[in-house]
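Residue numbers (the numbering used here), protein chains in the order written: chain A, 4 to 268; chain B, 54 to 247.
Take the hints with a grain of salt, since some may be wrong.
[Claimed, not checked] Here chain A is said to cover these stretches of chain B; the calculated rule only asks that three of the stretch's residues, wherever they fall, bring their Cβ under 8 angstroms from a Cβ of chain A:
1) 91-104
2) 117-125
3) 180-188
Everything labelled a hint here was simulated from the structure, so no lab data went into it. Source: prediction; values computed, not measured. Idealized CB from N, CA, C, for every residue including glycine.
Okay, here's what each chain looks like letter by letter:
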Amino acid sequence: MSGPFIPLSPGDLLIAALLLMLSGALSWRLQLSVERRLLIAAARSTVQLMLLGLILHSIFASQSSWLIMLMMGVMLGVAGYEAWSRQTRRLRGWWGYGTGTLSMLLSSVLIALMSVAVILQPTPWYHPQYLIPLLGMMLGNTMTGIAVAMDTLGREAWSRRGEIEARLMLGDTAGDAIGDIRRGALRAGLIPIINSMTTAGLVSLPGMMTGQILAGGAPFEAAKYQLMILFLIAAGTALGSTSAVLIMSHRLFDERERLRLDRLK
Amino acid sequence: MGLRVNGLQRPGLKPATFELASGKTLCIHGASGSGKTLLLRAIADLDPNRGQVSLDGQARAGMAAHAWRRQVMYLPPEPHWWADRVAPHANHWPDSLLQALGFDTTVLDWEISQLSSGERQRLALIRVLARSPRALLLDEPTANLDPDNSLAAEGLIADHQRQHHSAIIWVSHDPVQRARVADRTLEMVDGTLR
Numbered sequence: 004m005s006g007p008f009i010p011l012s013p014g015d016l017l018i019a020a021l022l023l024m025l026s027g028a029l030s031w032r033l034q035l036s037v038e039r040r041l042l043i044a045a046a047r048s049t050v051q052l053m054l055l056g057l058i059l060h061s062i063f064a065s066q067s068s069w070l071i072m073l074m075m076g077v078m079l080g081v082a083g084y085e086a087w088s089r090q091t092r093r094l095r096g097w098w099g100y101g102t103g104t105l106s107m108l109l110s111s112v113l114i115a116l117m118s119v120a121v122i123l124q125p126t127p128w129y130h131p132q133y134l135i136p137l138l139g140m141m142l143g144n145t146m147t148g149i150a151v152a153m154d155t156l157g158r159e160a161w162s163r164r165g166e167i168e169a170r171l172m173l174g175d176t177a178g179d180a181i182g183d184i185r186r187g188a189l190r191a192g193l194i195p196i197i198n199s200m201t202t203a204g205l206v207s208l209p210g211m212m213t214g215q216i217l218a219g220g221a222p223f224e225a226a227k228y229q230l231m232i233l234f235l236i237a238a239g240t241a242l243g244s245t246s247a248v249l250i251m252s253h254r255l256f257d258e259r260e261r262l263r264l265d266r267l268k
Numbered sequence: 054m055g056l057r058v059n060g061l062q063r064p065g066l067k068p069a070t071f072e073l074a075s076g077k078t079l080c081i082h083g084a085s086g087s088g089k090t091l092l093l094r095a096i097a098d099l100d101p102n103r104g105q106v107s108l109d110g111q112a113r114a115g116m117a118a119h120a121w122r123r124q125v126m127y128l129p130p131e132p133h134w135w136a137d138r139v140a141p142h143a144n145h146w147p148d149s150l151l152q153a154l155g156f157d158t159t160v161l162d163w164e165i166s167q168l169s170s171g172e173r174q175r176l177a178l179i180r181v182l183a184r185s186p187r188a189l190l191l192d193e194p195t196a197n198l199d200p201d202n203s204l205a206a207e208g209l210i211a212d213h214q215r216q217h218h219s220a221i222i223w224v225s226h227d228p229v230q231r232a233r234v235a236d237r238t239l240e241m242v243d244g245t246l247r
């Protein structure tokens, strides 16, 4: 069966960090000019994950539902910002941030809550050991799908405005005029999760399953967990991207079905 | 009866008020950038605007925007195409329309990118007329056509007008063409119709 859990020492982390430094040096030598971003991203993930470890430790200890809600709120808020900042042509004002964030609330948060309440059923049902990691997995993945879908919609609507207006002029409804672009955006948002489900277990050992196995869990149990997560992520991405694309494409037209690209920037 | 425009305005367009009876053609000319296109787009409700427009007594504000545009159709000077080939843009184009402008049904298989600007303009006219709008807003519909094709297009538009008793607003730079097709002529100067 599975071996014992091996804790990591700071020295172990240092070895991995050295490898990262090596790639940074490579980038500098080849003039890829990503070494700065690589370094900042590495520093950010170090600080963020260490902090998360500490925070989760105290949240697990206190079990306070208020703290859990606060934590979920912060995670959602940051995910919303990330999805917003990854778009080239995004909606102006609160619509830009709100559309992605609301879609993640509808998909990730609700699905994460449902899966602990209905599927896992820990006591209490909002036990942070289940809820927070699940939400993190959901948010991290739906965020990508939603950002790609909204980015595609914004860029396509911008560059193909002539085609959209040509259909409006001929008396098509706003929905018909942007239908092709909307479908394309949704497809673009869903392709990453479809691909990762296709190769799961053949090429990639998904992150969560890897973690469970490294932590000494039984591989078959880990596979079941991973399968559940994949399904939840796919459902959440589909739900979230659909809602984001619908809200955003609705916002691209006004009450007289005019294409309003002035609402993008 | 006909097209009635009352106080129609938007940035770049001073309030415009006029009436155009069914079956009549109003020609508009004026320097480029004077606001002719803005006026036609505003009538078709393609850009935010203020004012009242009605067709045969039916107010624009009282119907859905797409229903309005299905009846009052705008033909831009450089029409866009949303598919690679002609066919997806053609919902029941009658052979008579195709033949009148020198095409046959094989044109449906053609690629848009292979068409000349004149061919595109003629096909765009067919695309509009085939949908039988009750009023036409034509923005230099023959600008890219040679004289023969221009006359053929004018004839086709005249046929449509007789058949549907359409009110037509026609932007044209060509004084000879205006003399042929206009019942009335107005000039656009710095956003003012006069």
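Evaluation of the provided hints:
1. Beta-carbon proximity to chain A at under 8 angstroms applies to 5 residues in the region 91-104 of chain B; the threshold of 3 is reached and the given coverage holds.
2. For the region 117-125 of chain B, the stated coverage by chain A holds: 7 residues have a C-beta nearer than 8 angstroms to a C-beta of that chain, and at least 3 were required.
3. Evaluation of the coverage hint for the region 180-188 of chain B: fulfilled, as 4 residues show C-beta separations to chain A shorter than 8 angstroms, against a requirement of three.
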